[in-house]
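Peer 1: Chain by chain, the residues:
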Amino acid sequence: MTQAATPAIEGWFTTGPEPALIGSRCTSCTCVFFPRVAAEGGYCRNPACDGETFDEVELSRRGEIWSYTDAQYQPPPPYIAPNGAGEAYEPFALAAVELAEGIVVLGQVARGYGVCDLKVGAEAELVVETLYVDETGERSIWRWRPVTTQETQA
Amino acid sequence: MSNHDVAIAGVGMHPWGKWGKHFVSYGVHAARAALADSGIPWTDVDFIVGGETVRNGYGGYVAGATFAQALGWNGARVATSYAACATGAQALDTARARILAGMCEVALVVGADTTPKGFLAPNAGERWDDPDWLRFRLLGMTNPAYFALYARRRMDLYGATQEDFAAVKVKNAKHGLNNPYARYRKEVSVADVMGSAVVSDPLHLLDICATSDGAAAVILTSVDYAKRHGLDAPVRVRGISTVTPTFPNTVMDMPNLSTDPSAVVGVPDRTFKESIGHAVYEESGLSPEDVDVAEVYDLSTALELDWIEDLALCKRGEAESLLRAGDTTIGGRIPVNPSGGLACFGEAVPAQALAQVCELTWQLRGQAVGRQVEGARVGITANQGLFGHGSSVLLSV
Numbered sequence: 001m002t003q004a005a006t007p008a009i010e011g012w013f014t015t016g017p018e019p020a021l022i023g024s025r026c027t028s029c030t031c032v033f034f035p036r037v038a039a040e041g042g043y044c045r046n047p048a049c050d051g052e053t054f055d056e057v058e059l060s061r062r063g064e065i066w067s068y069t070d071a072q073y074q075p076p077p078p079y080i081a082p083n084g085a086g087e088a089y090e091p092f093a094l095a096a097v098e099l100a101e102g103i104v105v106l107g108q109v110a111r112g113y114g115v116c117d118l119k120v121g122a123e124a125e126l127v128v129e130t131l132y133v134d135e136t137g138e139r140s141i142w143r144w145r146p147v148t149t150q151e152t153q154a
Numbered sequence: 001m002s003n004h005d006v007a008i009a010g011v012g013m014h015p016w017g018k019w020g021k022h023f024v025s026y027g028v029h030a031a032r033a034a035l036a037d038s039g040i041p042w043t044d045v046d047f048i049v050g051g052e053t054v055r056n057g058y059g060g061y062v063a064g065a066t067f068a069q070a071l072g073w074n075g076a077r078v079a080t081s082y083a084a085c086a087t088g089a090q091a092l093d094t095a096r097a098r099i100l101a102g103m104c105e106v107a108l109v110v111g112a113d114t115t116p117k118g119f120l121a122p123n124a125g126e127r128w129d130d131p132d133w134l135r136f137r138l139l140g141m142t143n144p145a146y147f148a149l150y151a152r153r154r155m156d157l158y159g160a161t162q163e164d165f166a167a168v169k170v171k172n173a174k175h176g177l178n179n180p181y182a183r184y185r186k187e188v189s190v191a192d193v194m195g196s197a198v199v200s201d202p203l204h205l206l207d208i209c210a211t212s213d214g215a216a217a218v219i220l221t222s223v224d225y226a227k228r229h230g231l232d233a234p235v236r237v238r239g240i241s242t243v244t245p246t247f248p249n250t251v252m253d254m255p256n257l258s259t260d261p262s263a264v265v266g267v268p269d270r271t272f273k274e275s276i277g278h279a280v281y282e283e284s285g286l287s288p289e290d291v292d293v294a295e296v297y298d299l300s301t302a303l304e305l306d307w308i309e310d311l312a313l314c315k316r317g318e319a320e321s322l323l324r325a326g327d328t329t330i331g332g333r334i335p336v337n338p339s340g341g342l343a344c345f346g347e348a349v350p351a352q353a354l355a356q357v358c359e360l361t362w363q364l365r366g367q368a369v370g371r372q373v374e375g376a377r378v379g380i381t382a383n384q385g386l387f388g389h390g391s392s393v394l395l396s397v
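Those protein sequences? They're chains S and B, same order as listed. Position 74 (the first sequence) corresponds to 74 in this note's numbering; numbering is contiguous. Position 152 (the second sequence) corresponds to 152 in this note's numbering; numbering is contiguous.
Just so you know, the hints here were simulated from the structure itself, not pulled from any lab data. Every value quoted in this text rests on a predicted model; they were computed, and no experiment measured them. Just so you know, even glycine gets a beta-carbon here, dropped at the ideal spot from N, CA and C. Do not rely on the hints blindly, as some may be mistaken.
To be verified - Pulled a few chain B residues facing chain S out of the computed Cβ check, cut under 8 Å:
no. : residue
1   : L138
2   : T142
3   : D156
4   : E374
5   : G375
Required output: the full structure, derived from the provided sequences and hints.
Peer 2: Structure follows, in structure tokens:
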């Protein structure tokens, strides 16, 4: 991915050297939500709370794999194939990762990793990679990369 | 008999398939079959509830009125329900509420669909605030991929195998062999399933249900009306659960990209799917031990195993043991999906929850020719609709 890549969706994740998802923390009950709550007309989903104001917070960058799978066939639109029209489809893996905030977040799995690299309960870390290329250039997305045993011990 | 029971006076279906006809023709066919089964003329129906179909234009959005007009305006009150896969249960609940309030006596509930080919994909247009659109654009997350997440958890947590999932398909294919309403009536082997293409690991093509055209209808009446009509021991609806989740919903649900957060308020006592069954048991005063037969939503083979546990028909992680012992096969302790389930039908969204009720009605009347669960007196259905729609119906004779 080049520096020029822009997020495929605005304001959902940071793109620095230690990227993170951006959530909304309710200023009343402190529950943290992802995707973030709409700036206007957004309500806290905790039924015991009527909060309507939120602070932007970065979520934990690592979490525990809740489950995982892959897409052996190209998904239908509005999915956009990374290689553009006419090129062969490359299956990719998907993971749901549970963060310390108690939120499970879906994501594609980082390029180069498949279901054989994943296990329920194992650790994964957030990375940002290119999702597809359109007329404005490379568009990036958050992905989950399995953390190796050595990294965990380090 | 509790005072919130209603009677099922008639049921009817149009066979499932890819017939390519207009959804109204299926719905009318099912409605007329249910009316004929009940012996009640259409002109005596004073409430009609249609299950909305979102892929069939304006007529589908006002399905109740569409079916009423097709059957010939008879002045009945009308409603249209939409709750995704739970549409039929919600429509049934709407009819039941009006009957129990004493505001109508005979209700026709009908759902029908004509489905497109391939993966169910969102409607056209860019919708950056719609999770059902975003999951495809940002993740390429199809429906089977969600089913696969649940399947994989069973493997990693409870030791399920892909052969177990295949065995669910083998069982359901055998159950549906003699069901005249089933689309697929062919025996399938474990090797057939394992040899079919992997769609989303660990699920093969034959683990995942198709989408079908189909229709189902139910004639619901007050217990009093049923008696006057000569039905002394009709199948009765004992409970209908249309519960929504309780915050925080901690299980990744289609079409969401994330779950609610549990860190601040803690994990609830029951998952959403567990709460669906719990509510219908509580409403009916019956318990899992009373259940003789179940029709559950096997969008995937593995999901049938989840539902068996969600309905408390066995402990968490034990559904594979039941399956392997033959307990969930017709003739076993607690037969599941004697109709053949979605494995043999494919999904016709607004009709499916009603089709489950039709099957259990036949089972409890002893009319399920070629697939009868002997002596069944209590049956339960379960499914879940997108965006927080629970669906479970408990029936008994």
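Peer 1: Against this structure, judge whether each hint is valid.
Peer 2: For each hint, the structure was consulted:
Because the beta carbon of L138/B sits about 6 Å from the nearest beta carbon in chain S, less than 8 Å, this interface hint is met. Hint on T142/B holds. Least Cβ distance to chain S is approximately 5 Å, under the 8 Å limit. Annotation: D156/B was flagged as interfacial toward chain S, and the flag holds, the nearest CB pair being 4 Å apart, inside 8 Å. Violation of the interface hint for E374/B is found here, the shortest Cβ-Cβ separation to chain S being roughly 38 Å, above the 8 Å cut-off.
The beta carbon of G375/B comes no nearer than 39 Å to any beta carbon in chain S, farther than 8 Å, and the hint placing it at the interface is violated.
Comparing the model with each earlier hint shows violations of hints 4, 5; every other hint is respected.
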